[in-house]
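Number of protein chains: 2
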Amino acid sequence: MDGNRRYAKKWKLEEGAGYKAGFLALLSMIKYCYKLGVKYIAIYAFSIDNFRRRPQEVQYVMDLMHEKIQGLLKEQSIVNQHGVEVFFVGNLELLNEPVRIAAEKVMAATAKNTDAMLLVCVVYTSSDEIVHSVQESCKDKWGETQVLNPSKGCNGVTKGFRVECNDVIEGFGGGCNGAIEEVGGDDEIQDYSIIKLVDLEKHMYMRFAPDPDILIRTSGCLSNFLLWQATTCLLYCPTALWPEVGLRHLMWAVLNFQRNHSYLEKKKKQS
Amino acid sequence: MDGNRRYAKKWKLEEGAGYKAGFLALLSMIKYCYKLGVKYIAIYAFSIDNFRRRPQEVQYVMDLMHEKIQGLLKEQSIVNQHGVEVFFVGNLELLNEPVRIAAEKVMAATAKNTDAMLLVCVVYTSSDEIVHSVQESCKDKWGETQVLNPSKGCNGVTKGFRVECNDVIEGFGGGCNGAIEEVGGDDEIQDYSIIKLVDLEKHMYMRFAPDPDILIRTSGCLSNFLLWQATTCLLYCPTALWPEVGLRHLMWAVLNFQRNHSYLEKKKKQS
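If you're matching them up, the sequences are chains A and B in order.
With our numbering applied, the first sequence covers 1 to 271.
With our numbering applied, the second sequence covers 1 to 271.
Any given hint could turn out to be false.
Because identical chains share one entry, a pair is satisfied inside a single copy or across any pair of copies.
[Unchecked claim] When the alpha-carbon atoms are kept at most 25 Å apart in a straight line, the in silico BS3-like pairs for lysine-lysine are as follows:
#1 Lys267 - Lys12
#2 Lys39 - Lys68
#3 Lys10 - Lys196
#4 Lys39 - Lys105
#5 Lys266 - Lys202
#6 Lys10 - Lys269
#7 Lys74 - Lys112
#8 Lys31 - Lys74
#9 Lys12 - Lys74
#10 Lys266 - Lys12
Hints were generated in silico from the structure; no laboratory data involved.
The task is simple: from the sequences and hints, build the whole structure.
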């Protein structure tokens with residue numbers, strides 16, 4: 001949702017007014033989407049990179065976010081009106097406490113809603129999502145051997161590995177000979193080198209939702225948003241600033257998506 | 001470079017004619033780029049997903065690619081005229097042998113050119129690039145411990161690990177107590193869970209070039225191309241099919257890039 005600050009500058013408003021206008025545009029867009037029958041919406045509310053902005057500005061955005069997240073708990077909120085399950089997605093540990101607690105409350109309060117899903121990406125970047133997923137996949141793989149991951153298979157028993165250089169670990173090569181053999185443990189040695197695409201998929205923050213069909217970016221660039229998921233979706237970069245975005249932009253995106261639907265579906269099947 | 005087949009269909013040409021028209025458009029675009037002073041060009045010549053097309057079609061594209069790659073070796077080729085170093089990027093092992101050998105010859109023959117760089121992505125997808133980078137990063141990390149990666153520190157000596165559950169592996173947690181201690185080796189235990197962004201960057205196929213400034217996609221979607229690198233570049237999705245793309249599209253992209261230059265630079269610095 002890029003362009004809030006530039007909108008404020010353009011109309012000679014206070015900076016905060018840009019964010020407020022951006023929030024109103026967001027609310028309209030979400031309403032239009034639900035009316036059109038869109039089931040999944042993901043919004044890029046706060047990037048990890050945004051922490052590099054001036055501290056007062058970050059604080060302002062956090063306060064605004066806190067207020068708006070709390071607003072979602074109200075009975076007449078858009079979320080309750082449309083039966084929306086809300087997920088906050090990203091490195092939530094980096095959120096300040098009031099916002100994180102409010103986010104957790106909303107997730108708990110909406111967990112049973114099934115009509116639609118709203119994924120709010122906060123303290124998010126795709127690079128962070130991918131690196132996080134890599135680390136989780138490594139933990140998973142190591143856990144399987146019950147040795148290198150102390151959080152699984154931990155039983156206090158001292159186990160030993162006898163390790164010689166070998167080619168048995170597929171993909172490693174290296175011209176060594178020998179064998180890797182576990183001593184004192186019951187499990188087969190796993191192939192450590194093989195972290196596959198499915199492993200990464202399994203640990204992505206966005207795993208709760210299907211890949212997007214349409215990605216709207218007002219900045220004209222992806223800004224590290226949904227890179228992993230945006231392989232075959234329609235990209236739409238309107239020249240408008242975010243607070244200026246409205247129904248006509250959404251309609252353009254949807255019509256263009258419909259026009260290219262069979263082509264995009266074919267792409268998806270091929271990938 | 002999407003749209004070659006649709007172009008052939010649109011003009012009732014044989015399918016192969018679409019690819020040939022696409023190649024001519026590519027040649028023009030590369031020439032225009034070098035005349036404009038663009039130093040790095042990356043082209044998406046063949047996606048891993050393209051292997052799912054009909055075998056005859058795949059063979060046709062491979063033959064065309066072989067012919068055109070061999071053409072690059074000629075003295076009067078665009079590469080030699082402009083002093084261009086050529087890199088073939090992707091899972092090259094999946095290429096058929098004649099094409100791979102031709103690609104290797106071109107890389108060797110142009111290795112000393114320094115005026116510009118042409119990265120030809122063949123048998124490439126971003127997901128594959130990222131997964132490949134993860135696997136290479138894991139190998140690197142394991143190599144450091146001289147135990148799990150037989151390609152490094154391999155000396156035929158049997159080493160032993162005594163492992164107890166512990167919190168010393170940062171980021172694992174798990175409520176276990178104890179210690180991980182290496183027996184018979186000289187190295188400290190490494191933190192296995194920490195594969196960082198810089199590790200992934202180091203092993204990307206595209207590490208030889210800076211991230212792109214402009215990404216032109218005629219399909220309107222990224223099709224799994226440069227996802228990792230396209231965080232802050234200008235996206236441009238003309239409605240033209242690839243063989244229809246020409247100077248006016250390039251100029252539009254460059255002018256739009258210039259218009260948004262300061263904004264995009266700021267984005268880059270923040271990320």
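Taking the hints in turn, this is what the structure says about them:
1. Lys267 - Lys12: Answer is between: at 22 Å across copies they meet the 25 Å cutoff, but 44 Å inside does not.
2. Lys39 - Lys68: Within. Shortest intra-copy distance 21 Å satisfies the 25 Å Cα cut-off; inter-copy 46 Å does not.
3. Lys10 - Lys196: neither (47 Å within a copy, 39 Å between copies)
4. Lys39 - Lys105: within (22 Å within a copy, 51 Å between copies)
5. Lys266 - Lys202: Intra 24 Å, inter 33 Å, cutoff 25 Å: intra-copy only.
6. Lys10 - Lys269: between (44 Å within a copy, 23 Å between copies)
7. Lys74 - Lys112: within (16 Å within a copy, 66 Å between copies)
8. Lys31 - Lys74: Cα proximity of Lys31 and Lys74: one copy only (16 Å, versus 60 Å across).
9. Lys12 - Lys74: neither (33 Å within a copy, 59 Å between copies)
10. Lys266 - Lys12: Cα proximity of Lys266 and Lys12: across copies only (21 Å, versus 47 Å in one copy).
The structure fails to meet hints 3 and 9 from the earlier list, while all remaining hints are met.
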